[in-house]
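Each chain, written out:
Number of protein chains: 2
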Amino acid sequence: MQKIFIWGMGLLGTSLGLALRKKGIQVAGVVRSENSRKVLREKGFAEVYLSHEESIWQGILSSDGIVFGTPVDAIYPVLDMLLDRQLPDNIWITDMASTKAELMQRVENLNGKLLFIGSHPMAGSDLTGPENAREDLFENATVFMTLSTKIAEKTSPAQYHQCEKEITNMWELVGARTWQVSYAIHDKWAAYLSHGLHLVSCMVSHLLKDIPEVLQLPVNPAGGSFRDITRVAGSNPALWDTIISSNQQEVIEYLKSLESLTHKWRVSMEKDAFPIQDIFKEAADLRMQILKTEDTTENK
Amino acid sequence: MQKIFIWGMGLLGTSLGLALRKKGIQVAGVVRSENSRKVLREKGFAEVYLSHEESIWQGILSSDGIVFGTPVDAIYPVLDMLLDRQLPDNIWITDMASTKAELMQRVENLNGKLLFIGSHPMAGSDLTGPENAREDLFENATVFMTLSTKIAEKTSPAQYHQCEKEITNMWELVGARTWQVSYAIHDKWAAYLSHGLHLVSCMVSHLLKDIPEVLQLPVNPAGGSFRDITRVAGSNPALWDTIISSNQQEVIEYLKSLESLTHKWRVSMEKDAFPIQDIFKEAADLRMQILKTEDTTENK
Numbered sequence: 001m002q003k004i005f006i007w008g009m010g011l012l013g014t015s016l017g018l019a020l021r022k023k024g025i026q027v028a029g030v031v032r033s034e035n036s037r038k039v040l041r042e043k044g045f046a047e048v049y050l051s052h053e054e055s056i057w058q059g060i061l062s063s064d065g066i067v068f069g070t071p072v073d074a075i076y077p078v079l080d081m082l083l084d085r086q087l088p089d090n091i092w093i094t095d096m097a098s099t100k101a102e103l104m105q106r107v108e109n110l111n112g113k114l115l116f117i118g119s120h121p122m123a124g125s126d127l128t129g130p131e132n133a134r135e136d137l138f139e140n141a142t143v144f145m146t147l148s149t150k151i152a153e154k155t156s157p158a159q160y161h162q163c164e165k166e167i168t169n170m171w172e173l174v175g176a177r178t179w180q181v182s183y184a185i186h187d188k189w190a191a192y193l194s195h196g197l198h199l200v201s202c203m204v205s206h207l208l209k210d211i212p213e214v215l216q217l218p219v220n221p222a223g224g225s226f227r228d229i230t231r232v233a234g235s236n237p238a239l240w241d242t243i244i245s246s247n248q249q250e251v252i253e254y255l256k257s258l259e260s261l262t263h264k265w266r267v268s269m270e271k272d273a274f275p276i277q278d279i280f281k282e283a284a285d286l287r288m289q290i291l292k293t294e295d296t297t298e299n300k
Numbered sequence: 001m002q003k004i005f006i007w008g009m010g011l012l013g014t015s016l017g018l019a020l021r022k023k024g025i026q027v028a029g030v031v032r033s034e035n036s037r038k039v040l041r042e043k044g045f046a047e048v049y050l051s052h053e054e055s056i057w058q059g060i061l062s063s064d065g066i067v068f069g070t071p072v073d074a075i076y077p078v079l080d081m082l083l084d085r086q087l088p089d090n091i092w093i094t095d096m097a098s099t100k101a102e103l104m105q106r107v108e109n110l111n112g113k114l115l116f117i118g119s120h121p122m123a124g125s126d127l128t129g130p131e132n133a134r135e136d137l138f139e140n141a142t143v144f145m146t147l148s149t150k151i152a153e154k155t156s157p158a159q160y161h162q163c164e165k166e167i168t169n170m171w172e173l174v175g176a177r178t179w180q181v182s183y184a185i186h187d188k189w190a191a192y193l194s195h196g197l198h199l200v201s202c203m204v205s206h207l208l209k210d211i212p213e214v215l216q217l218p219v220n221p222a223g224g225s226f227r228d229i230t231r232v233a234g235s236n237p238a239l240w241d242t243i244i245s246s247n248q249q250e251v252i253e254y255l256k257s258l259e260s261l262t263h264k265w266r267v268s269m270e271k272d273a274f275p276i277q278d279i280f281k282e283a284a285d286l287r288m289q290i291l292k293t294e295d296t297t298e299n300k
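Protein chains in written order, with this note's numbering: chain A, 1 to 300; chain B, 1 to 300.
Treat the hints with caution; some may be incorrect.
The list makes no distinction among identical chains, and a pair is therefore deemed to hold if it is satisfied within one copy or across any two copies.
Straight-line Cα separation of at most 16 Å, EDC-like style, residue types lysine to aspartate or glutamate; simulated pairs [stated by the list, open to error]:
id, residue 1, residue 2
1, Lys-281, Asp-241
2, Lys-113, Asp-84
3, Lys-264, Asp-278
4, Lys-209, Glu-253
5, Lys-43, Glu-54
6, Lys-23, Glu-166
7, Lys-292, Glu-213
8, Lys-271, Glu-253
9, Lys-209, Glu-259
10, Lys-209, Glu-47
11, Lys-165, Asp-84
12, Lys-292, Glu-270
13, Lys-209, Glu-282
14, Lys-154, Asp-89
15, Lys-150, Glu-164
16, Lys-209, Asp-278
17, Lys-292, Glu-42
18, Lys-271, Asp-136
19, Lys-256, Asp-210
20, Lys-281, Glu-166
To be clear, the hints were calculated from the coordinates, so they are not data collected in a lab.
Isolated chain A, as found in the complex (with noise of 0.2 Å):
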């Protein structure tokens, strides 16, 4: 792997770039706007593309990989393009997108092959664009990787097995671990460790309207929990349309799960036989599962 093709470069790409650059590996990249360009070209990327100009396609031919770090519905076009433009069939495609499952389909039914493999790292920031990137932004993060038997046979198994050990290798390179799932469950799992919770977080700020008077007060009556609950309600609202949209199903599936779950609760509340306590130590536990941490100072 001597060159990386990072087509989206903001908070997600460009610390990608980072990060490959600093292991001595090539990056190139697209970008929308000029401004964003000027940015790169100050972090020292010498070779970024503006998503409208006929010469990205050079830059793509000498390279070993492409990396996606658009929006999801971002990427469709460009994969239509690439096959229009016969695209080498031993360079390969991942992304950074966090839903999989229509992405990968869309894939599968393309009418022509791209060798592509769907990545998504749980990394992030409150932050955005490539002025925000960081160096360390995959250190210690998981990938979750979504592989596609039907492309490995439209392509070929020994090209897709190859094409898996690279991108692998470029996500552990920068210091993060991967992970296979298959992109169904990997969809229902990223509702309930991410999308849901985007609602969430929206519906505690938006049960406010309940008590308007609280609205109104010239002091902040909130301490730390609503802060910390509410902190990602909010996030960039175009870029969570795509999200949550895209993975519409298992995002309807979770709030099921969530409306009955506070039924249960309620109910239980009401008959003086809510297990408060042990509620509490549950979900700590299951925190901490999660998180594979012990330390539990920070819950106290």
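With chain A fixed as given, assemble chain B onto it according to the hints.
Structure of chain B alone, referenced to chain A:
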């Protein structure tokens, strides 16, 4: 105001003690364990009693006011003791518990009179105990104060007004801002700003039981939103048992509203009519209205 007696010097009580002492006020206090007394003596608090000591009463008699730093249910037996011993009627009492209706009604119905005003400082920490106290914990915090005309009439309106001035003065001295609100409304607000949120945070953790495979992963699959939203899940279970039990009705109402909003959003998503971008924008707006911040960068 020359001396304040703090009954219960954990995180909140000790933080208040440190802040008052800095302003030249004498501080005496009560703790439950010899270990806490040791920590407090190391912090320079000379007059610290253990909760079973007989000499407490002398410390109280030389004070202007008593502030409870204990959970709400630990306040009741002490109020009975103060009545039994005939607390002089120029010594006022307040507290720092996060539920107010149950406590205020108990004081209103005491067989005797105490000069009591409720306080709920919207300040805290993930950490507990006197060792984690911070002199600046109350700086810029809002303190909700709950008064009662019934208590004012039982004592004397003039004396009650004086007591209100002194307690307000104490909070302002340590950098907080006070806001008076009826105890019933306070408890509804507390459900929406704090108590209900701890349950929401626990729910997000408990829902993981729907995807048990994730709990077994050798890697941490969660990003920042899971970490933030579940941070308060697993807060001290015994303390939260007291808090939620003492505000049960309002928490039940909160869960009803949450259930109904979850249902509404799910149904509109099923009809492909869920206005994601509007929802996120409104959530960010409501959040900023509460937190009194113009800083949107942390929401991006």
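Up to 16 Å between alpha-carbons, please classify Lys-264 paired with Asp-278: within, between, both or neither.
-> Close inside one copy (15 Å), not across copies (30 Å); limit 16 Å.
16 Å Cα threshold - placement of Glu-213 relative to Lys-292 = between (41 Å within a copy, 14 Å between copies)
State whether the alpha carbon distance between Lys-154 and Asp-89 is at most 16 Å within one copy, between copies, both, or neither.
-> Answer is within; shortest intra-copy Cα gap is 11 Å, inter-copy 88 Å.
How would you classify Lys-281 and Asp-241 at a CA-CA limit of 16 Å: within, between, both, or neither?
-> Result: close only across copies, 11 Å inter versus 34 Å intra.
16 Å Cα threshold - placement of Glu-47 relative to Lys-209 | neither (49 Å within a copy, 47 Å between copies)
Between the shortest in-copy and the shortest cross-copy C-alpha distance, which are at most 16 Å for Lys-209 and Glu-253: within, between, both, or neither?
-> between (25 Å within a copy, 14 Å between copies)
Under a CA distance limit of 16 Å, which applies to Lys-271 and Glu-253: within one copy, between copies, both, or neither?
-> between (27 Å within a copy, 14 Å between copies)
Is it within, between, both or neither when you check Lys-209 against Glu-259 at 16 Å Cα-Cα?
-> between (19 Å within a copy, 15 Å between copies)
If the cutoff is 16 Å on CA atoms, where do Lys-43 and Glu-54 land: within, between, both or neither? Let me know, please.
-> This pair counts as neither: shortest intra-copy Cα distance 24 Å, inter-copy 70 Å.
Using 16 Å as the alpha carbon limit, work out where Lys-23 and Glu-166 are close: within a copy, between copies, both or neither.
-> Answer is within: at 15 Å inside a copy they meet the 16 Å cutoff, but 64 Å across does not.
Given identical chains, is Lys-256 near Asp-210, meaning Cα to Cα at most 16 Å, within a copy, between copies, both, or neither?
-> Classified as between: cross-chain Cα gap 12 Å, same-chain 22 Å, threshold 16 Å.
Give the relationship of Lys-292 and Glu-42 under a CA distance limit of 16 Å: within one copy only, between copies only, both, or neither.
-> So Lys-292 and Glu-42 fail the 16 Å test inside a copy (38 Å) and across (35 Å) alike.
Of the numbered hints given earlier, the model fails hints 5, 10, 11, 12, 17, 18 and 20; all others are met.
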